[in-house]
Structure formats: C-alpha cells, structure tokens
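Fit chains H, Y, U, V and G to the given chain C structure using the hints.
6 protein chains.
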Amino acid sequence: MIYITRKEHFNAAHKLFNPNWSEEKNATIFGKCANKNWHGHNYDLYVTVKGEINPDTGFVINLKDLGDLIRTDVTEVLDHKNLNIDVEGMNIMPSTENVAIFIWNKLAAKISIMGGTLHGIKLYETENNYVEYFGE
Amino acid sequence: MIYITRKEHFNAAHKLFNPNWSEEKNATIFGKCANKNWHGHNYDLYVTVKGEINPDTGFVINLKDLGDLIRTDVTEVLDHKNLNIDVEGMNIMPSTENVAIFIWNKLAAKISIMGGTLHGIKLYETENNYVEYFGE
Amino acid sequence: MIYITRKEHFNAAHKLFNPNWSEEKNATIFGKCANKNWHGHNYDLYVTVKGEINPDTGFVINLKDLGDLIRTDVTEVLDHKNLNIDVEGMNIMPSTENVAIFIWNKLAAKISIMGGTLHGIKLYETENNYVEYFGE
Amino acid sequence: MIYITRKEHFNAAHKLFNPNWSEEKNATIFGKCANKNWHGHNYDLYVTVKGEINPDTGFVINLKDLGDLIRTDVTEVLDHKNLNIDVEGMNIMPSTENVAIFIWNKLAAKISIMGGTLHGIKLYETENNYVEYFGE
Amino acid sequence: MIYITRKEHFNAAHKLFNPNWSEEKNATIFGKCANKNWHGHNYDLYVTVKGEINPDTGFVINLKDLGDLIRTDVTEVLDHKNLNIDVEGMNIMPSTENVAIFIWNKLAAKISIMGGTLHGIKLYETENNYVEYFGE
Amino acid sequence: MIYITRKEHFNAAHKLFNPNWSEEKNATIFGKCANKNWHGHNYDLYVTVKGEINPDTGFVINLKDLGDLIRTDVTEVLDHKNLNIDVEGMNIMPSTENVAIFIWNKLAAKISIMGGTLHGIKLYETENNYVEYFGE
Chain C
814 MIYITRKEHF NAAHKLFNPN WSEEKNATIF GKCANKNWHG HNYDLYVTVK GEINPDTGFV
874 INLKDLGDLI RTDVTEVLDH KNLNIDVEGM NIMPSTENVA IFIWNKLAAK ISIMGGTLHG
934 IKLYETENNY VEYFGE
Chain H
814 MIYITRKEHF NAAHKLFNPN WSEEKNATIF GKCANKNWHG HNYDLYVTVK GEINPDTGFV
874 INLKDLGDLI RTDVTEVLDH KNLNIDVEGM NIMPSTENVA IFIWNKLAAK ISIMGGTLHG
934 IKLYETENNY VEYFGE
Chain Y
814 MIYITRKEHF NAAHKLFNPN WSEEKNATIF GKCANKNWHG HNYDLYVTVK GEINPDTGFV
874 INLKDLGDLI RTDVTEVLDH KNLNIDVEGM NIMPSTENVA IFIWNKLAAK ISIMGGTLHG
934 IKLYETENNY VEYFGE
Chain U
814 MIYITRKEHF NAAHKLFNPN WSEEKNATIF GKCANKNWHG HNYDLYVTVK GEINPDTGFV
874 INLKDLGDLI RTDVTEVLDH KNLNIDVEGM NIMPSTENVA IFIWNKLAAK ISIMGGTLHG
934 IKLYETENNY VEYFGE
Chain V
814 MIYITRKEHF NAAHKLFNPN WSEEKNATIF GKCANKNWHG HNYDLYVTVK GEINPDTGFV
874 INLKDLGDLI RTDVTEVLDH KNLNIDVEGM NIMPSTENVA IFIWNKLAAK ISIMGGTLHG
934 IKLYETENNY VEYFGE
Chain G
814 MIYITRKEHF NAAHKLFNPN WSEEKNATIF GKCANKNWHG HNYDLYVTVK GEINPDTGFV
874 INLKDLGDLI RTDVTEVLDH KNLNIDVEGM NIMPSTENVA IFIWNKLAAK ISIMGGTLHG
934 IKLYETENNY VEYFGE
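As given, the protein sequences belong to chains C, H, Y, U, V and G, one line each in that order.
Note that my numbering has the first sequence beginning at 814, numbered continuously upward.
Note that my numbering has the second sequence beginning at 814, numbered continuously upward.
Note that my numbering has the third sequence beginning at 814, numbered continuously upward.
Note that my numbering has the fourth sequence beginning at 814, numbered continuously upward.
Note that my numbering has the fifth sequence beginning at 814, numbered continuously upward.
Note that my numbering has the sixth sequence beginning at 814, numbered continuously upward.
Any given hint could be a false lead.
Note that the list lumps identical chains together, so a pair holds whenever it fits in one copy or between two copies.
Here are the simulated BS3-like cross-link-like pairs (lysine-lysine), alpha carbons at most 25 Å apart as the crow flies [to be verified]:
no.	residue 1	residue 2
1	Lys-877	Lys-845
2	Lys-849	Lys-877
3	Lys-935	Lys-863
4	Lys-923	Lys-820
5	Lys-863	Lys-849
6	Lys-820	Lys-845
7	Lys-838	Lys-877
8	Lys-838	Lys-919
9	Lys-935	Lys-877
Because the hints were derived from the structure by calculation, they are not lab data.
Bear in mind the structure is a predicted one, so any value in this text is a computation, not a measurement.
This is chain C alone, in the form it adopts within the complex:
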C-alpha cells in the first residue's frame, strides 16, 4: 500500500453568512468573512490516492489521468467562481470544511473506477489554515 498526492489550484469568491441569523449575529460569528459583497481566496488542493503499485508502470494511479479528473470534475467547477452562487450541487455554507467534503464526493467514486482508492482531501484556504477529510 502506497499513497500518492496531486496538488491543484483554484481561485474563488465566497462569504460565510447564515440566512437564519441577523446581520449582527453573522458579523459576530463570522467576522470579516460575512462581508456581504464577498471576499476570496487562492485555494490549494491536495488529493491523496492509495493503492498497490502496478508492476508494469510503477504507478498506483497514472498522475496524468488523476490530474485530468481533478481538473474536469473539480477545478473547472470551482475555479474563478463564487462558491455561494455559481456551483451546481453546493447547496451549503462554503466553509473550507464543506468545500473539502464537496470535493471528496466529486472524486471518490471516479477514482475507484480508475483503480485507486481516494484516501484524503487536504484543502488550504490560506497558507495559515487548511482542512483534511478522509471520508468518514
């Protein structure tokens, strides 16, 4: 069993705002992240796949294929988008935690079909904070 990780990027706008709360409560809980006119981030995404090594290739999974999958199913969906408005299927507060789970759900089944097992999603929102999700 060996683990391989691919890094990709996307840039997006979002805000953290709970519509069931007053503006005051949103400002108290979310601080500047509640700015009604949005803010944004450069997100760094690390996708880790585990599996056995294929003796013909030396690969757990072909990184070119994994990179293509991440681009078509994740970064083209999220890059230069507003995570609160523009992303089909993301019907949830776009905290880093929820975006990481959204990405897991986009990739896990397709990576299984490619012969690997999705092990983890690591998503940096800034260089000072990141989330990891392992599917359980």
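For chains H, Y, U, V and G alone, coordinates are given in the frame of chain C:
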C-alpha cells in the same frame, strides 16, 4: 543606503470587467476573470523602504511602525473586501497593476514622514504572478 | 469527522545542554546546539483539531477563537523568549520534541471546552526538521 | 510516542519506460516522461522516525546522526545520478513510488539499530506531486 | 512604468561537461554535475515584463497571452528534455546562466510585438541557486 | 552581465538593546526584541554575484566555490551563535540591517579575488521581513 521589506497579507474578491465593452468582449479579453459573480485571491504584499541606518537603533525604519501603518492604511482597507465595490478611492479596474499603484499612493507620503523612502511595492495575486511598482 | 489546522509562529532562543554531563559530553551529543550563549529559531506551529461540522456555521471550530487561544496560551508565552529560562512550567530540555508536548498540554483541555478535540501538534524548528505529537 | 522528520534533497535524471512495450505504448502511458534522452527532478525527501523521548537528550533520535545516515545511505547514492542506470540495487522502474520504497529499504533496519522506528518516507518529485510509504 | 512577472515550470536533464577537457578536469571543475549519465532538475522560471498600463484592461500585458507564449516557445521546448541533446538552437553548455540567456532570446522580440518590454529572466535550478539576466 | 545567487542558512540568538538607553526606552523602541534573555531566528541568506560568463564553464562563478566561501567566512562564523556576544568583529547592534552589512564586508573582497563582483546581500530574519544591501 539599505533596503528593508515587510510582508503582509489580505484576501479579497474582484472581477475584471470593462463596462464600455460587451459581455463577449469582456469574456474574450479577461476570460474567467470576468465572471460576473466575482472570484477572489489571497494577496501577498511586500513593501520595501530604503534609507540610511539610524545608529541608535540599527534600523532604517522601525518595522513595528511600518507594519502598523500597512495594517491601518492598506490591509484594513482591502482585507475581506470586494475590490470593485467596497474600497473608497479605488475607482479603477482592480487589476494587480492598479491595486499595486493604489497601495503605493496610500503609503508613500506617510513613510516619508516616518523618515524612510518608499522604494517599491510587490504584490502577488497568486503564487504564479506578481506586479512590482517603483513609483515612476 | 473532519480535521482543521491553524498555523502560528514564534521566535525564541534556546540551547540544548544537560547539566548532569560535562561540557565535552554536551558538545559531543548536541554539537553547536550546546553553545552556552544560546542560539535561536523561527518556529512554525500547526495545531490540528478534529470534530463534527456544526451545521449552523460549517465549522468544526471557529478558527478565530482557536487562533486567539493559541496566541494567548502559546505564542505569547513562547514568542521572543528564551525557552530554557523565561517560560513558566517548561522545566525540561527545550528540544523540539519537548516543546511540542508542552504546547499540547497547554491546549488540549481548552480545545475540549471549545467543543473540538485536539488531534495533533506539528512544530517546525527549521524548514528541514519538525516534530509531530498526537497525545499518546 | 512522538514523530520527528528530517528533510534532505537530491537531484537526479530518470525516464519512465517499460521495455516490454512498444515506443508508442510507452508514449501513450508515460507521455513526456518516456523521453528516451531522460529528464530530471529536484527530489525533496522527508524521513519520519517515531519513538519515545530519551530523557537525557530530549530526543527521539539524534537528528545529526539521522541526517548523516540519510546522506551516506540515500542521498550520496541517488544525488546527481541517473536512476535508471547508476544506482546499484534499483532494478525497477524509477517511478516516485518505487524510489520511495527503495529509500525505505535502505533506512529501516539501520534506524532500528539507532533506537528509533522508521515511520514513513515522503518523497516529492515536483512541488505538485509526492508519494508516501509507511512500510506495509 | 510597472513590472509584471509570470512563473512557469519545466523539468529537464542535463550535465556540465566540457569536451575539450579530460574527464579528470571535468570532475574537478563540475563535481557531481559532470556525471556522464546525466542528472536533472525542476526548473522554476520567472519572466518579468515592463510597460505602461493599458487603461482599458488595467494590464501591462495580458498574462494569459504571456503564459501562452512562454509555454509554446519555452516550456514545450525544454520540458522533459535533455538540455544537452534535445533542444534545437541550444548549442552551448547548459549551465543555468546559459539556459537563462537562451530563454531571453526566445522571448524578447515576441514580447515586444505584444506591446511589452522583456525586463528580466529569473531561473531557479534548485531552491538554493538561481540566475537573473536583464539582456545586457 | 549576468547575476547568480546562492542561498545559505544560519540560526542565531540575538537581542536589540541600546545600552545608552533605559530599560523602559529599550522596551518602547524594540518591544519584545529587547528581551534581556535573548530570542532567535532562522536566517536565510542570499548572496548575489554578477559578472561575465566564462565560456569554458558556462559559469559566472563556480557555485561550489562560492558556497564554500560563504560557509567558511559567514555561516560558520554566525551559525548557532549569539550575535551580540559570540561574533568577532560584529561590534554593533545586531539588527538585520547591520548583520547584512557585516556579511557584505566579509565577502566582497574575496569574491573579487575569485573573479566575480558581489552585487547584493539579501537576508531574511523571518519570512515576513528581509533586508537588502548593495554596498553603497
């Protein structure tokens, strides 16, 4: 003459969109950066000051004072904001080039009063592109 | 279950020196780290908390609260200090390993009160070496 | 139980090429990595050792000794080499996965003799992809 | 006048070897870099263009166009190649210095046609050494 | 004319304290940097040399020789030292500015003898502040 640089951060939303152009022309020129619902970045800002060393302190300029100035006059103005909407005095397309010049104009006179000379602004929009401005 | 990590910094002086040993033995075991007049480092600290996502916020833990806790209980205690002399309660050789455990002990109970579970401490002494501690 | 990691570097040439396949199949599977005249990388290697802390030193393992071992047994063997031709004992496709396992096998027994337990090898081939191996 | 920089990557093999010298002299001067079977690097390339800001776009130069030019004229020419053998027109020792000048010569005229002025090439061979060339 | 830069590291303790001032004034001006028991940093040092390319080697200067010079004349002098106490010839407040000039003075003449010209010293005290000195 010696040069000292201070790094600060801010996160913001923006879009690149020329209101004198059609949507098609905006999309052709600005690509995904023209997304009407915004996108955003983690900006890294480097402010470089030059001057003579004060023999009492060993400093060109006190970095704590410089950091305080950058925070009050730049990062509190730009952090978690929408650069097209929220920033007083930024009445211009918020390209990295124009944001760098906006920051220069915010800082140059005040750094002179503190006894240094603003030498340059370096502004990273992503880890793959940055702008430098030297005031002329 | 999801994991969120916050990065903070502190700068400190220390030396590695066992008072039960001769100067020669200290120099043999600790090399330049035994310099009697101290040396120092920029420490990078990563604090990882795990838990369930709060559906009202999308958060495991509010990062602003976590950051405030790390600053009051860890970085204000260690930053610009001499780890052998200045830190109340650190009555032990200030190796990276022991400093990581010291930080764990400062944070674990308070993070539980905030509703999360401290998962791990990762402490970089230089960019070429770091320690991880998971509480057991 | 605590974990300590040491980072080292090496630069090497390699190609990915299966001699049982046609040139066309190699190009299809390995893309530009199959270039017959080689290409190369700056590899970043992280070696993680776990163990109990020695109360006399505060160390799991003396990092100077660990660094010396990695240099004599790994980086002097791999640095500025062609991984397909120059490395005794590496009789396998030099994918990042296989190089990571090769490094594990070079280090695990010797780290046990030094009193620690090799926990993991993390090997970056580029800043955008890395492999982790934990010995099982 | 403002300066904008675009970062790109390529991976390549090379060796440093002067055919007019003996193997011994090559080994003395170039050390491990003279290994006859090649070694390689991940090169990081920074291309800096200067110019006036176009008021319609806020740009010195459209970074998408600049990125396309660097990819077609530089990284597709150098990526996953052997710099001693595979690169048409590079009839010179592939030291970092000479590769930087080769890249300058590939780009300067075309950037002029695009309306900017090539200001500098910065080429990292490893994270510990880089070359800068300003065309004179 | 081309520029080549070599990066090296050292770790050191220091404090900023003017003995002609009261403790209160030192604390006001230098803040936590005045802690009487020292603090410390991981310093990153970039040494830039300019010159013509030697056609026999493709080099401005042999980086191995430059690295050896920096190690013997700078990093062995400063690494794991207390910059206020341990460094012969550094009879000055060890601000980053003054340490950068100290390093320039150690290297400039010897680099001339090696056939290059020292162009600049860039010294990072933390990832958020650095000094540059060009000898005038």
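What label fits Lys-935 with Lys-877 when the C-alpha limit is 25 Å: within, between, both, or neither?
both (19 Å within a copy, 20 Å between copies)
Checking Lys-838 and Lys-919: alpha-carbon separation at most 25 Å within a copy, between copies, both or neither?
neither (32 Å within a copy, 30 Å between copies)
Check Lys-849 against Lys-877 for me: Cα-Cα at most 25 Å, and say if that holds within a copy, between copies, both or neither.
between (39 Å within a copy, 19 Å between copies)
Could you place Lys-935 and Lys-863 in one of the four classes (within, between, both, neither) given a Cα distance threshold of 25 Å?
both (14 Å within a copy, 14 Å between copies)
One pair to classify: Lys-838 and Lys-877, alpha carbons no more than 25 Å apart. Within, between, both, or neither?
Intra 46 Å, inter 15 Å, cutoff 25 Å: inter-copy only.
From the Cα coordinates, with 25 Å as the cut-off, is the pair Lys-877 and Lys-845 best called within, between, both, or neither?
between (39 Å within a copy, 11 Å between copies)
Please sort Lys-923 with Lys-820 into within, between, both or neither, judging by C-alpha distance up to 25 Å.
Close inside one copy (17 Å), not across copies (32 Å); limit 25 Å.
Up to 25 Å between alpha-carbons, please classify Lys-863 paired with Lys-849: within, between, both or neither.
Classified as neither: same-chain Cα gap 40 Å, cross-chain 29 Å, threshold 25 Å.
Have a look at Lys-820 and Lys-845 and pick one of within, between, both or neither, based on CA distance no larger than 25 Å.
between (28 Å within a copy, 19 Å between copies)
Comparing the model with each earlier hint shows violations of hints 5, 8; every other hint is respected.
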